[in-house]
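Colleague: Sequence:
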Amino acid sequence: MNGTDNSGTHDHGRGGFARWLLRQYRLAGHDPAGTDDHVRIVVIAAIALDTGLTPELTTELVHTLAVTPQDVRAAYLAESRRRTLDKLLDHPDLTELDHHLDEIAPW
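Take the sequence shown: its letter number 20 is residue 20 in the working numbering, and every next letter is one higher.
Honestly, the hints are just simulated from the structure, not real lab data. Hints are supplied without guarantee of correctness; some may be wrong.
[Unchecked claim] EDC-like, lysine to aspartate or glutamate: derived pairs with alpha carbons at most 20 Å apart:
1) Lys87 / Asp102
2) Lys87 / Glu103
3) Lys87 / Asp98
4) Lys87 / Asp50
Quick caveat, the model's predicted, so the values are computed rather than measured.
From just these sequences and the hints, can you work out the full model?
Modeller: Here it is, written out as structure tokens:
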């Protein structure tokens with residue numbers, strides 16, 4: 001996949017997407033140490049896992065990390081789905097489920 005390191009992509013623990021982003025950032029030749037980039041990456045990961053990524057942000061990540069859109073989606077979807085399922089199991093509310101399903105599969 002475009003020379004990216006996708007090891008463990010589908011088996012992230014908590015924070016796995018942030019770790020993947022940081023790893024890809026370094027592999028693309030960037031150094032997040034001592035900059036705001038590290039914080040930005042963690043924030044992007046939190047947003048992606050909570051609400052998904054916008055097409056614009058996905059495009060920015062693709063260019064910055066030298067990966068494909070599919071790489072980005074594969075890296076965060078499993079963890080995002082797991083978090084959503086955890087929320088639903090913690091608070092079984094069919095209205096929340098309906099809202100979430102509408103977001104991921106609009107009619």
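Colleague: Give a verdict on every hint.
Modeller: Going down the list of hints, with the structure as the test:
{"no.": "1", "hint": "Lys87 / Asp102", "verdict": "holds, 16 Å"}
{"no.": "2", "hint": "Lys87 / Glu103", "verdict": "holds, 16 Å"}
{"no.": "3", "hint": "Lys87 / Asp98", "verdict": "holds, 13 Å"}
{"no.": "4", "hint": "Lys87 / Asp50", "verdict": "holds, 11 Å"}
Checked against the numbered hints given earlier, the structure satisfies every one of them.
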